[in-house]
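Asker: Single-letter residue listing:
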Amino acid sequence: MHIPDGLLSAPVSMACATLSALAIGTAAARARARLGSRGVAMLGVTGAFIFAAQMLNFPVVGGTSAHLIGGVLAAVLLGPSTAVVVMTAVLVLQCLAFGDGGLLSLGANALNMAVVHPLVGYAAYRTIAGVPRCGQPLQPARQIAGAAFGAWVATIAGAAVCAGEIVLSRIGAPAVVLAAMVGVHAAVGVGEAVVTALVLATVLRVRPELANAVARAPAARRTVTAISLGLAASLALALFVSPFVCAWPDGLERLASRLGLDPSREHILFVAPMDGYAVHGIRVHVLSTSLAAAAGTLLVFGLCCALGWWLAPRRCSPADRAIATASRI
Amino acid sequence: MTARHFLQGSADINSPIRRISATVKLCATGILVLAITLLPARHAVWALVPFAMLIALARLARLPMAVFAVHLAIAQPFVLGVAVLALFQQNGVVAFASLAIKSTVCVAAIQFLVLTTHFQELLEVLRRAHVPSALVLALGVVHRYLFVLIEELKRMRRARAARTLHARYGGLWVALASVIAVSFVRSMARSERIAMAMRARGWS
Numbered sequence: 519m520h521i522p523d524g525l526l527s528a529p530v531s532m533a534c535a536t537l538s539a540l541a542i543g544t545a546a547a548r549a550r551a552r553l554g555s556r557g558v559a560m561l562g563v564t565g566a567f568i569f570a571a572q573m574l575n576f577p578v579v580g581g582t583s584a585h586l587i588g589g590v591l592a593a594v595l596l597g598p599s600t601a602v603v604v605m606t607a608v609l610v611l612q613c614l615a616f617g618d619g620g621l622l623s624l625g626a627n628a629l630n631m632a633v634v635h636p637l638v639g640y641a642a643y644r645t646i647a648g649v650p651r652c653g654q655p656l657q658p659a660r661q662i663a664g665a666a667f668g669a670w671v672a673t674i675a676g677a678a679v680c681a682g683e684i685v686l687s688r689i690g691a692p693a694v695v696l697a698a699m700v701g702v703h704a705a706v707g708v709g710e711a712v713v714t715a716l717v718l719a720t721v722l723r724v725r726p727e728l729a730n731a732v733a734r735a736p737a738a739r740r741t742v743t744a745i746s747l748g749l750a751a752s753l754a755l756a757l758f759v760s761p762f763v764c765a766w767p768d769g770l771e772r773l774a775s776r777l778g779l780d781p782s783r784e785h786i787l788f789v790a791p792m793d794g795y796a797v798h799g800i801r802v803h804v805l806s807t808s809l810a811a812a813a814g815t816l817l818v819f820g821l822c823c824a825l826g827w828w829l830a831p832r833r834c835s836p837a838d839r840a841i842a843t844a845s846r847i
Numbered sequence: 630m631t632a633r634h635f636l637q638g639s640a641d642i643n644s645p646i647r648r649i650s651a652t653v654k655l656c657a658t659g660i661l662v663l664a665i666t667l668l669p670a671r672h673a674v675w676a677l678v679p680f681a682m683l684i685a686l687a688r689l690a691r692l693p694m695a696v697f698a699v700h701l702a703i704a705q706p707f708v709l710g711v712a713v714l715a716l717f718q719q720n721g722v723v724a725f726a727s728l729a730i731k732s733t734v735c736v737a738a739i740q741f742l743v744l745t746t747h748f749q750e751l752l753e754v755l756r757r758a759h760v761p762s763a764l765v766l767a768l769g770v771v772h773r774y775l776f777v778l779i780e781e782l783k784r785m786r787r788a789r790a791a792r793t794l795h796a797r798y799g800g801l802w803v804a805l806a807s808v809i810a811v812s813f814v815r816s817m818a819r820s821e822r823i824a825m826a827m828r829a830r831g832w833s
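Chain order of the listed sequences is A and B. Positions 519 to 847 (this note's numbering) are the ones given, in order, by the first sequence. Positions 630 to 833 (this note's numbering) are the ones given, in order, by the second sequence.
Keep in mind that the hints were calculated from the coordinates and are not lab data. Yeah, the Cβ is synthetic: ideal placement off N, Cα and C, and Gly gets one too. Keep in mind that a hint or two might mislead.
Listed next, the stretches of chain A that the computed footprint assigns to chain B, with coverage defined by at least 3 CB atoms under 8 Å from CB atoms of chain B [unchecked claim]:
id, stretch
1, 525-539
2, 608-615
3, 704-717
With the rest of the complex left out, here is chain B:
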């Protein structure tokens, strides 16, 4: 998960953008996304103005441009797949272009938010916005254990690969499925341990 760690790492780059409060960034992103969504198809070209501003801000935040570009590209298959459907109606080309532009700018806005903000800070915003505390806490636990479980899955898959000489499609699928199943059994045991540890520290 080097890419994911890299992604997490880029939230640590110290910059003026990084120091802005997460509440402001989350609200600004929300308003920008809503404004772009409400933009009529004929005027979609105007969405390129915030896009240029986002690129400039990304330079200011010293984000690695390669990472930014890769994350923009990852969302493109779905964006283009849906936008192509718009070609089948009247004024299809205009609709296609406006959807592609609007969606790409929105993806850039979200990526900018994610790359310049720690997830813990966003959780703090959610907590202060009176989102149920159990949900916020559960989100924190998911984020905390995600990388632990991914590492564990990778270890189990490597161990399987080292012991399985000729895994073809069928065998490989069975092996991978049993890796997932064992991971489930282990994560249930792990959740019991965590719950006990939480209770031992006064959580009720």
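Here chain A stands alone, though its shape is the one from the complex:
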């Protein structure tokens, strides 16, 4: 998903760079206040950890493989502001040391993968995992379910923002770009969700205190409420506004007219019997798209809950104790 240079137009690149610079500056100030003097070492090593984890390939059917993006994992384990800084460091390194992603589009890549991805994922995680009461740790099952669902939502949100950048650069019709990016990443996000859940479950089993360090940090209730409201609003936007924007036949019609199969020319042959049906048809189309999106989201949410319930650690087995000992080395 690293956008190379030359694809996005200059104004879009500049706007994205400004937006992400603002977000990253705020996050860096917050992370600095939280981490103190050991911050630099921790940011550096966790950045290297995320980068290394991204290079581990998980086999998928037919010789293809997937890898972790890791933004939501970082947000859950380290906190949202730290995750933003860590992901930015990873992206800058990938650009300047390995030439992955463009120089001018670094701002756009940072917005997709270092700002929107971890923050949206963390908001979803916090909504599902709940608010910690004084002294009480969060329920592991809810934490895992929240992280898994957050990873899925965040992958789609990142892809949608990327699609928005491509559309604003006037590369393709909104319908085609949005449908292609969101469709592909709804599948990619499932892999991300499963890996995030598995990793978080293992950390919760062998070192629960590391996974709960963020959850125990004092969080104002207001912030959590605001985050939940923002998440709900964005979900609603995705469900009910996107079908209007996503006029899928638009792109196909253009293609058809280019190929000489202009449907409007054939329509002259038979006059539509009732114009009112068109409006009715559009409404049905919008409703069905929204319903399909909502059903898909609910299905993934249910699967994430099942994953959380299944993976939540119940008791510490001898094998886990062995891993815990080995990981102290």
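Since the structure of chain A is already known, use the hints to place chain B on it.
Answerer: Showing chain B alone in chain A's frame:
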């Protein structure tokens, strides 16, 4: 990570290009990329002129052409994937060709910069450009420990593979995820040690 080491190795090849200051190379790359981005779609063919110059400079810098070509090819799926979307609008073929050319030339420019410059020199440029010192230092630490952690991950994966006889998809995913989890626990411990070592040497 032989490819990555190879990549790092090619920044050591001594050549006139290699000796140019990193500031000049970074600025030149930035200006070239901006100019190509601003090039109108109809005139995208002109981007092939800097491309030819980049190839000539790469020969001058004695870069291994195979590595250069492989890195150009790696970015192609995304470039073509996005460029194909342009086919769905009017003048689609022109837009497709211009996007593909412009993006490939930009990728070549970035690769040329990366293959002829040490990352430490680029960090020095960032530091002198008043990028916050904590961010520059953190980037240095990421670069320093990246290969250490990759080696460690590979060791853990090999150890897992040696002990797991019949790992199918599910089992393999669980095993790989636990490798990542243990790597996280270890990197937290490592960051504590590094922070202590930094403090012992006068860092505050």
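Asker: Compare the structure with each hint and give your call.
Answerer: Hints, verified against the model:
1. 525-539: holds (count 5)
2. 608-615: holds (count 6)
3. 704-717: holds (count 4)
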